[in-house]
Amino acid sequence: MRDASHGVNTRLGMGLCCATLLLLLPALLPAPCLAADVTLSSQTYLLYYEREVTGGSDKEYAPLYEYISGDVSNLGGNPLSFHFYGWGRVDLGDDTDDDGTGGDLASAYLQYIHPTGNGEMRLGRFFLTEGVAAEILDGIFLKGRTPSGFGLSVFGGVPVERSITSTDEGDSIYGGRLFFARSGFAEIGVSYLKEDGDFQGDDREMVGGDIWLKPGIPVELSGRADYNVSTSSLARQRYVLRLMPSSRLDIAVGYEDYTYADLFQNTLNSAFSSPAIDNTDEVQILFVDLDFLIAEGLTVEAGVKSIQHDRSNPGDATRAELGLRYAYNDRKDMAGLSAAFVSADQDANEYQEFRAFATYSPGPWRFSLDALTHQYEKVISGIDDAYQVVGSAGWQALPYLKASWDVTYTRSPRFSEDYSGLVRVSLDISAAMGGN
Amino acid sequence: MMRRKTFGLVVGAIALSLALGCSVLSDTESVPPKHPEELPAGRADCLECHDDISTGALKPYASFRHSIVFIKQHSMYASQGQNLCASCHGASFCQTCHARKEELKPNTKMGDRPDRVLPHRGDYVVLHQIDGRLDPGSCFRCHGNKDDSRCRACHR
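Chains as they are written, first to last, in our numbering: chain B, 766 to 1201; chain W, 42 to 197.
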């Protein structure tokens, strides 16, 4: 199979054909079916930045991105809808890649939501989170819950990854989830996923368990455990006890662990495979997070995360963070301050982070400023700190049309001094179409 | 051959589900595909209007209050169902961050929204060396099961 980024392959062609057919579906429907609520959103971004390339010369980049999403719901007066989302890029300056263009059809699918029992069907390309699965696939998804509280979901199709190499044909993904839900009290599920492909010599085959419990008091227990069938071992587990004694206070205490060899067995990304990473390592994480509304609009956010490694390299670390947010101007604006401190066994893993931001929206205008700095314990490329400031000004020209301009200044181990610009145009259109 | 057989079993299961149709479904009201009223600007707080249990998600609305605690744990809720999220956020919202192929960081796209909790602010190419060493599992959730050519520039 050829890499999707170079030339056209069969799967990409079939995907595009299916997407085109689905996009044209509303137009192909007979007149009585034309009634629909339509929302269209276009986000256009024009970036400008300079980069020094090998040889010491500068290149000027000006990629123009267009993101389009659309939702056509209530098709023909039925609980049927069609959703799509995708983007494209054209380089107006020097090429950011070989041919100066790029793009992706992220999703395009038909969805039916039954009025009761959360009965649902999706057909096309969609992002799915269901038990152990968090996938984008070209295929079908069905879900429903019975009066007894038991429910079932199944999915199947072709995985939409950038590329799975070393497989000639027939890559497929399928699975499902069996669950039991009792309103306001519990949801427990067992899920399965299998993806045919070459994941470091094996298929990707996972069994997952998930639980959510609320035993009548303002406490929730949720958890997930993913078992890797291909390596016959538990890849990851995560449990969270969440306390909500009032609508102002939200606290979570949790535990997570994972083993590199089992969690990263199904990676397609070389960053997670040996020798980039020591596959014999295991990680245990304890964390506490807090959100406390101390006064109208004023929230304190805090968290501590202790990361313990089985291997002395990279060693253990603790991240502590504290932040304050204030919402004002009828909640249209917000200001915030935050600080985070990472202490670690190794100096190379220690840093501090400070951030301040504010927005201001007088009438149709909106201004924002965001400043962030990192102070590294050990110098990186001869530099021990980094700064980034983003300033933005926006104008709501019409209820459905907004334009904004960002300027970003960065000084970091990668950039001695870098300025970049971005122009953003947002168009949001909603309409109810009639029909007979 | 085995692959064809298992795929056939899945298609069969789907066909059986369709054949059973909607007659076996609970009569509890589903989550509406779209929130019936326009939502105010800013971070959503379901509790301003809802104090009960979502008939669709079968969890209290209080669980979905968008505190920093919920935002950090949102995957746990999403793994049990996406409908309640999609009702307010729209179908494409998740893919603003969870994309298979993306060139713009979320905070570049939303540079005018510093109030949003977004990953990878600042020159994250530098910082990911540290965060990635300490907790690569947190990176893997979004970046692991993809063959990102940008990673390959360094991770060969």
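Since the hints were derived computationally from the structure, they do not count as laboratory data. Treat each hint with caution, since some may be false.
Claimed, not checked - For lysine-lysine, the following DSS-like pairs were computed, each having C-alpha atoms within a straight-line distance of at most 25 Å:
1) LYS1167(B) - LYS187(W)
2) LYS1097(B) - LYS146(W)
3) LYS113(W) - LYS146(W)
4) LYS187(W) - LYS142(W)
5) LYS1167(B) - LYS113(W)
6) LYS1167(B) - LYS1097(B)
7) LYS187(W) - LYS146(W)
8) LYS146(W) - LYS824(B)
9) LYS187(W) - LYS150(W)
10) LYS113(W) - LYS1097(B)
11) LYS142(W) - LYS113(W)
12) LYS75(W) - LYS1097(B)
13) LYS187(W) - LYS75(W)
14) LYS187(W) - LYS824(B)
15) LYS113(W) - LYS150(W)
16) LYS1097(B) - LYS150(W)
17) LYS824(B) - LYS150(W)
Can you name, in rising order, the numbers of the hints this structure does not satisfy? 1, 5, 13, 14
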